[in-house]
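Q: Protein chains in written order, with the UniProt record's numbering: chain P, 1 to 171; chain H, 1 to 260.
Hint data in this document are derived by calculation from the structure and do not stem from the laboratory.
Be aware that a few hints might be false.
Below are the BS3-like pairs computed for lysine-lysine, each with C-alpha atoms no more than 25 Å apart in a straight line [to be verified]: (1) H:K130 x P:K129; (2) H:K104 x P:K129; (3) P:K15 x H:K104; (4) H:K59 x P:K7; (5) P:K82 x P:K7; (6) H:K181 x P:K135; (7) H:K104 x H:K184; (8) P:K7 x H:K130; (9) P:K82 x H:K104.
Because the structure is a prediction, the values reported are computed rather than measured.
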Amino acid sequence: MSGGQMKRIMIEVKKLRDIPQTFILEKAPDEDSSKVTNTRTASSSADSTSNIIIGRILPKSAPYSQGSYQVEIKIPADFPFKPPEVKFLTQIYHPNVDKEGKICVDLLNTAEAWKPTTPIVDIVNAVIKIIDDPKIDHALNAEIAQQYQNNRAQFIKTATEFVNKYALPRT
Amino acid sequence: MSTSNSETNTNNHPDAANSFNYSGKDVDLDGQTHVQQKHIEQEVVNFCYVCFVCKELMKKYKYIRKTRGDGNCFYRAFGFGYLEQNLKNELELDRFRKLVADLKDKLVQLGYQEFTVEDVRDVVLETIDKICQGGDIPNLMKIFCTQEYSDYFVAYLRLFTSAYLQMNAEFFQSFLDEPSKTIKEFCCTEVEPMARESDNIHIIALAKAVQVSLRVIYMDHSETSQLTIHDFAHTDNEQMFHPTITFLYRPGHYDLLYEN
Numbered sequence: 001m002s003g004g005q006m007k008r009i010m011i012e013v014k015k016l017r018d019i020p021q022t023f024i025l026e027k028a029p030d031e032d033s034s035k036v037t038n039t040r041t042a043s044s045s046a047d048s049t050s051n052i053i054i055g056r057i058l059p060k061s062a063p064y065s066q067g068s069y070q071v072e073i074k075i076p077a078d079f080p081f082k083p084p085e086v087k088f089l090t091q092i093y094h095p096n097v098d099k100e101g102k103i104c105v106d107l108l109n110t111a112e113a114w115k116p117t118t119p120i121v122d123i124v125n126a127v128i129k130i131i132d133d134p135k136i137d138h139a140l141n142a143e144i145a146q147q148y149q150n151n152r153a154q155f156i157k158t159a160t161e162f163v164n165k166y167a168l169p170r171t
Numbered sequence: 001m002s003t004s005n006s007e008t009n010t011n012n013h014p015d016a017a018n019s020f021n022y023s024g025k026d027v028d029l030d031g032q033t034h035v036q037q038k039h040i041e042q043e044v045v046n047f048c049y050v051c052f053v054c055k056e057l058m059k060k061y062k063y064i065r066k067t068r069g070d071g072n073c074f075y076r077a078f079g080f081g082y083l084e085q086n087l088k089n090e091l092e093l094d095r096f097r098k099l100v101a102d103l104k105d106k107l108v109q110l111g112y113q114e115f116t117v118e119d120v121r122d123v124v125l126e127t128i129d130k131i132c133q134g135g136d137i138p139n140l141m142k143i144f145c146t147q148e149y150s151d152y153f154v155a156y157l158r159l160f161t162s163a164y165l166q167m168n169a170e171f172f173q174s175f176l177d178e179p180s181k182t183i184k185e186f187c188c189t190e191v192e193p194m195a196r197e198s199d200n201i202h203i204i205a206l207a208k209a210v211q212v213s214l215r216v217i218y219m220d221h222s223e224t225s226q227l228t229i230h231d232f233a234h235t236d237n238e239q240m241f242h243p244t245i246t247f248l249y250r251p252g253h254y255d256l257l258y259e260n
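The following block holds chain P by itself, in its conformation from the complex (with noise of 0.2 Å):
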């Protein structure tokens, strides 16, 4: 990893900590284990589970306002150049979300979208949009798209239980 990358990521972590309203950060590659990193030669592929951060985000419309999600965002290697991959660890039945948690982000698009100046903060953001404002033209999971638009209250209602069952505390 580059002294450019590490730097990077620092200030990444910092503005994260910056936005309590909308992310609760859990888990930040620390300073101290970056330079243990350093040491080792570059190509080491135990070096990206390093790389990861875990944080809390809380949604603003409902049901999933009740309650908040534990997401990973993985950085790559080759971060600002690559993307880096969110996932959600926290189980949550939405459209844009499917059984493994993968959720597919525009901004994340590495051939159209993804820029090496876009701010993880960012990346949290436009997570926190589609949860709130589903996308249903780009579901990941077609049964709960179809039960979204056909069937609005038993969405909410499996939505909530999935709240109530799963979901993390706001503070």
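With chain P fixed as given, assemble chain H onto it according to the hints.
A: Below, chain H alone, put in the same frame as chain P:
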């Protein structure tokens, strides 16, 4: 190998000439012969064109340097070619270093977050300093083959291009293939993402942004009786034109050419 569509297949893929439908009932042998003849004629034209271009290029250029074909080739070739030409030119490197340093403030004015461009700028400054302190071609090769330096250089040249386009949006708007796109949108999807390929509009903008004159020789069949040459001057005074860097363009790729 495909056995269908042989009569309508007019592309010049080498296999296409052999893709005949021997089993079909309504075989149009005359038609197929005609298609095959056309393919052979096209092959001959292609071959003659390549011979012609090579002969012309050899009159004026002694080497070609191949660049990695990853969509960043124009910027990587530009970065390498520029530094290579100015290895011993302290004055010019100083000028470039100042442009690199100043671009950050322009980007911040355009709405970029400081820390997302600072990291890239710092690595580029570090690269220029390394070159100043004892740059030779093997050193430069090493730097440009090290992703940590090379990609930062590419990314910052993309930002030079993007900022220049945005600051002259009104002028460049009419160059866009999709007129409904704004220059800002074009920069977001076609300039700044890594691996997006470059077109004339990118070349014009980068040449002007960093004040370096460029020449591109096109090997794209657009002209068969002479070399297609486009010059991208960094000033409007075209009489003084002398390119710092010359590229050879083949569809989708740029390499560097070296004059005799």
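Q: Hints first: check each against the structure and report whether it holds.
A: Hint-by-hint comparison with the structure:
no.	hint	verdict
1	H:K130 x P:K129	violated, 44 Å
2	H:K104 x P:K129	violated, 29 Å
3	P:K15 x H:K104	holds, 19 Å
4	H:K59 x P:K7	violated, 49 Å
5	P:K82 x P:K7	holds, 17 Å
6	H:K181 x P:K135	holds, 23 Å
7	H:K104 x H:K184	holds, 17 Å
8	P:K7 x H:K130	holds, 20 Å
9	P:K82 x H:K104	holds, 21 Å
When the structure is compared with the earlier hints, violations turn up for hints 1, 2 and 4 and for no others.
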